[in-house]
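Given the sequences, and given the hints that come with them, work out the whole structure.
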Amino acid sequence: VNTTSRTQVALNYALVILCCAIAVYPLVGIVLASLYPSGPANSPSGFELPPSFAWHNYVTAWQQGGFAESFSTSIIVAVVMVPASVLLSILGGYAFATMRFRGSTVLFYLFILGLIIPTEATIVPLYYDVRALGLLDTYWALILLEVSGEVAFGIFWMRAAFRSAPTSLLEAARMDGASSWKTLWRIMVPFAKPAIFTLTVLTFADSWNEFFLALVFTVNRTTAPAGLASFSGRYTTNIALVSAAAVIVALPILIVFIFFQREFMRGMLTGAVKG
Amino acid sequence: MDTGPSVAAARGAVAVGGRRRPERLPGEARRIGYLYIAPAFLLYAAFNLVPLVQGVNVSLYDWDGITPGTFVGLSNYTEFFSDPAIRSGYVHVLELMVFYAFLPIVLGLLLAAVLSRIRIRGLTFFRLLLFLPLVITDVVTAVSWTWVYDPEGPLNTLLRAVGLGHLIPSQGWLGDFNTALPAVGVFGLWGGFGFALILFIAGVAKIPASLYEAARVDGANAVREFFAVTLPGLRYELQVVLVLSVIGTLDTFDEIFVLTNGGPGTATTVPAYLVWRRGFQSGEVGSAAALGLTLMLIIFAVTFTINRLMERGADT
Chain R
282 VNTTSRTQVA
292 LNYALVILCC
302 AIAVYPLVGI
312 VLASLYPSGP
322 ANSPSGFELP
332 PSFAWHNYVT
342 AWQQGGFAES
352 FSTSIIVAVV
362 MVPASVLLSI
372 LGGYAFATMR
382 FRGSTVLFYL
392 FILGLIIPTE
402 ATIVPLYYDV
412 RALGLLDTYW
422 ALILLEVSGE
432 VAFGIFWMRA
442 AFRSAPTSLL
452 EAARMDGASS
462 WKTLWRIMVP
472 FAKPAIFTLT
482 VLTFADSWNE
492 FFLALVFTVN
502 RTTAPAGLAS
512 FSGRYTTNIA
522 LVSAAAVIVA
532 LPILIVFIFF
542 QREFMRGMLT
552 GAVKG
Chain L
269 MDTGPSVAAA
279 RGAVAVGGRR
289 RPERLPGEAR
299 RIGYLYIAPA
309 FLLYAAFNLV
319 PLVQGVNVSL
329 YDWDGITPGT
339 FVGLSNYTEF
349 FSDPAIRSGY
359 VHVLELMVFY
369 AFLPIVLGLL
379 LAAVLSRIRI
389 RGLTFFRLLL
399 FLPLVITDVV
409 TAVSWTWVYD
419 PEGPLNTLLR
429 AVGLGHLIPS
439 QGWLGDFNTA
449 LPAVGVFGLW
459 GGFGFALILF
469 IAGVAKIPAS
479 LYEAARVDGA
489 NAVREFFAVT
499 LPGLRYELQV
509 VLVLSVIGTL
519 DTFDEIFVLT
529 NGGPGTATTV
539 PAYLVWRRGF
549 QSGEVGSAAA
559 LGLTLMLIIF
569 AVTFTINRLM
579 ERGADT
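Here the protein sequences come in this chain order: R and L.
Taken in order, the first sequence gives residues 282 to 556; the numbers are from the numbering used here.
Taken in order, the second sequence gives residues 269 to 584; the numbers are from the numbering used here.
Everything labelled a hint here was simulated from the structure, so no lab data went into it.
For clarity, every value in this text was computed on a predicted model and none was experimentally measured.
Check before you lean on any hint, since a few could be wrong.
[Unchecked claim] Simulated restraints, written as ranges between beta carbons of each label pair:
(1) L:386 / R:518: 22 to 32 Å
(2) R:518 / L:349: 40 to 50 Å
(3) L:580 / R:383: 46 to 56 Å
(4) L:362 / R:455: 53 to 63 Å
(5) L:568 / R:500: 53 to 63 Å
(6) R:414 / L:324: 19 to 29 Å
(7) L:321 / R:458: 20 to 30 Å
(8) L:370 / R:458: 56 to 66 Å
(9) R:343 / L:343: 43 to 53 Å
(10) L:474 / R:360: 52 to 62 Å
(11) R:343 / L:481: 51 to 61 Å
(12) L:321 / R:356: 33 to 43 Å
(13) L:475 / R:462: 40 to 50 Å
Beta carbons are placed, not taken as given, at the ideal position from N, Cα and C, and that holds for glycine.
Structure below.
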């Protein structure tokens, strides 16, 4: 190994570490900031440890930010929304992947369109629709809208997963005279388990992170990110408390990410990496 | 504003257009397919397609959301050319694109090219860290950047420490008319850079080593090698990142809401923010509907154009 390549190796690692440090710093920084004694007089600079660890900030932020309410909304919505969305995606993806029927291509492209229709295009009439249904400020508004937004991706995802199944699997089922329903649950779903699992993780992350719909459709039944946004708006000068609240809201997703990094990576990069 | 991970993946997929995988034989002819699709389709249509049509209707009225509206024809759309707030919203979005799309791509390409020459150990771990800004919701990351930009926060502490304290604007980075938009931009650069880099590194790894060897045999230096081998090899990743980041900039909302609320004045107002503002705050509902639909058409047009240009580039 000559010296130039050694310098280059060192340089490469330095670059990678620098990039990672920049990516992580604001996130590690707010964890530090969240542990400073709270109050407008204290301004965490982010480059030193707090004088004493004010763990109590987390309790105060949790209570004053009303996170018990917004967390329970986020949890209730996710518990209903995630299975519903994954189930509808499995059913739809299965039909698009294995069946031929008039208009299937057009229908599929209609779903695909949903991937790039921005929420802004529909949000105004949606508000009046949801109001007419009497669903403003309810869990159902969030559940229905989130599912309807998520199935476009879900169907796209499950169709690709089912299409990657070897034809012999389907043919064997047909030879046995299995119904399409049986074939789906006995053969296709077990085959596509990893894809279904990835979809579940991503759908949960989307649901947990929901902000805009909560901002528009809910007042009291708001999601955790929307609760954080309003909390940070009210407590602008109390950095320690706002930081603690931000850490609280980020924590569930962070935990899911740490446990299911493979699913996250696969899900988020698939469209890109696999093609 | 849809910033969830699956949206990123999905839009990435749209950018690809599925053209890489040859179509398999169509499935079995079965009418029962409609039944399987019905539940998802009904829900999807009710809350996506129907409002789209309703939106067209609403956009033709001057309506405050309460009293009966007045039919105004297309004037909510011609506003696009006459209303300075809308024009500056799009100008802001174009400026943000430098930070959200252009810089992440340029920096990501450069770094991927440099890093490609040597195998990095522990890449999985580094990738995990680079992914964090993407995984954690915008509201949280924007809150943390509010603190980064705080008058006594890390950025100013750092600037004072290196003797550049005089650069700090008196109204703060997010409160100054000249620095607020670039400050939002830097947040976007931070959030988008990791994704671009990860994709490009993965892409470089797939370029056959023989291409690099051939280039070196031909006596290509690092720069030639980049333009002759690395860049063409990454065309496909480039397309994905470009589409994702450009659409992502066009419908930026969350960070604007948290970091600046469109201010100071209208210095960081963007189209998505105007939709929310007019639709739900200031009672200009017809205008908000028109703005939302216009934004959608622009997103369609931009996605289509990028894909066409990139695919044409591939043929030559």
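Going through the hints against the structure:
1. L:386 / R:518: 22 to 32 Å: Roughly 47 Å apart at Cβ, these two residues miss the hinted range, so it is violated.
2. R:518 / L:349: 40 to 50 Å: With a Cβ separation near 42 Å, residue 518 (chain R) and residue 349 (chain L) satisfy 40 to 50 Å, so the hint holds.
3. L:580 / R:383: 46 to 56 Å: Roughly 34 Å apart at Cβ, these two residues miss the hinted range, so it is violated.
4. L:362 / R:455: 53 to 63 Å: At 55 Å between Cβs, range holds.
5. L:568 / R:500: 53 to 63 Å: violated, 33 Å
6. R:414 / L:324: 19 to 29 Å: With Cβ atoms ~21 Å apart, the hint holds.
7. L:321 / R:458: 20 to 30 Å: About 44 Å separates the Cβ atoms of residue 321 (chain L) and residue 458 (chain R), which means 20 to 30 Å is violated.
8. L:370 / R:458: 56 to 66 Å: holds, 58 Å
9. R:343 / L:343: 43 to 53 Å: For residue 343 (chain R) and residue 343 (chain L) the Cβ distance comes to about 49 Å; the hint holds.
10. L:474 / R:360: 52 to 62 Å: violated, 39 Å
11. R:343 / L:481: 51 to 61 Å: holds, 59 Å
12. L:321 / R:356: 33 to 43 Å: Holds - the Cβ-Cβ distance for residue 321 (chain L) and residue 356 (chain R), about 34 Å, lies within 33 to 43 Å.
13. L:475 / R:462: 40 to 50 Å: Hint holds: Cβ distance 45 Å, inside 40 to 50 Å.
Going down the numbered hints, you'll see the structure goes against 1, 3, 5, 7 and 10, while the others check out.
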